[in-house]
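Novice: Sequence:
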Amino acid sequence: MNLHHILLIVRHELAVERRAAEVVGLVTPFALAALLVLPIALGIDQATTSRVGFAAFWMISLLFGGQIAWRQATGHVRAVTDQVRLSGIDPASAFFGRFLANLILLVLLMTISLLGTIVLFSPPPIAAAHWLGAGVLLFAIGLAVIATVISDLTIGLRSRGAIAALLVGPLAIPLVVAAAQVGQAATVSGQLRPGGILTWVLVLVLIDLIGIIAGVLTARPLEETLG
Numbered sequence: 026m027n028l029h030h031i032l033l034i035v036r037h038e039l040a041v042e043r044r045a046a047e048v049v050g051l052v053t054p055f056a057l058a059a060l061l062v063l064p065i066a067l068g069i070d071q072a073t074t075s076r077v078g079f080a081a082f083w084m085i086s087l088l089f090g091g092q093i094a095w096r097q098a099t100g101h102v103r104a105v106t107d108q109v110r111l112s113g114i115d116p117a118s119a120f121f122g123r124f125l126a127n128l129i130l131l132v133l134l135m136t137i138s139l140l141g142t143i144v145l146f147s148p149p150p151i152a153a154a155h156w157l158g159a160g161v162l163l164f165a166i167g168l169a170v171i172a173t174v175i176s177d178l179t180i181g182l183r184s185r186g187a188i189a190a191l192l193v194g195p196l197a198i199p200l201v202v203a204a205a206q207v208g209q210a211a212t213v214s215g216q217l218r219p220g221g222i223l224t225w226v227l228v229l230v231l232i233d234l235i236g237i238i239a240g241v242l243t244a245r246p247l248e249e250t251l252g
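Under my numbering, the first residue of the sequence shown is numbered 26, with each subsequent residue one higher.
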């Protein structure tokens, strides 16, 4: 992989997002609106809303984070793939660049959603912010990898944007389970056992590594298939 090529792809993807403003101007406001509606639907019982706060956060992160896959699937078309290939950019570098761009957008979305969750739900106090931060980051990495891989796999398919968005959910279930366990253990009401929480963190790391390695190794064969 070439660092210069990776940074070129990252800048290109972020420039596309800056012009379209799909994640910042559309997905994020709707995620906050969904967070706002949930406490209203649950009623005014503070204990209930507090208990489900982080569960709502992970659900919103998965639901609206999956739109990252939709965004890239609709934007990463065959012509763009051909242009990248003709420019001499290594397929693995192109994949990693798209992954990093997705990760940046996901971290932005999840950070804003987490702040919204804390304000609207008043979840249990966080006893270990570093573990919660690690869970959020590792979840974002895994979801970004899934979104990028699915975007590459669905090139050339009809309705690929809808297909990509639908595939994200099932593939991200292990991420949600592990990240939710880390988040629960990081709160005061959770059972903060370093050994237990570390196990779930390692599960997230393993999922992320498998996804990244698979994406990098399959980037060139996928490009040759398209070519």
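If you're looking for bench data, these hints aren't it; they were derived computationally from the structure.
Note that the structure is predicted; figures quoted are calculated from it, not measured.
You may find that some hints are simply not true.
Pair ranges (Cβ atoms, derived) [what the hints assert, rightly or not]:
#, residue 1, residue 2, range
1, A59, P246, 36 to 42 Å
2, A154, T250, 16 to 22 Å
3, I238, L51, 30 to 36 Å
4, T136, G194, 37 to 43 Å
From the three backbone atoms N, C-alpha and C, an ideal C-beta is built for every residue, glycine too.
Novice: Confirm or reject each hint.
Specialist: Hint by hint, here is what the structure shows:
The beta-carbon spacing between A59 and P246, approximately 38 Å, falls within the hinted interval of 36 to 42 Å. Taken as a hint, the range 16 to 22 Å is violated for the pair A154 and T250, whose Cβ atoms sit roughly 44 Å apart. Roughly 32 Å separates the CB atoms of I238 and L51, a value that falls within the hinted 30 to 36 Å. Take T136 and G194: their Cβ atoms lie about 22 Å apart, and the range 37 to 43 Å is violated.
When held up to the earlier numbered hints, the structure conflicts with 2 and 4 and fits the remainder.
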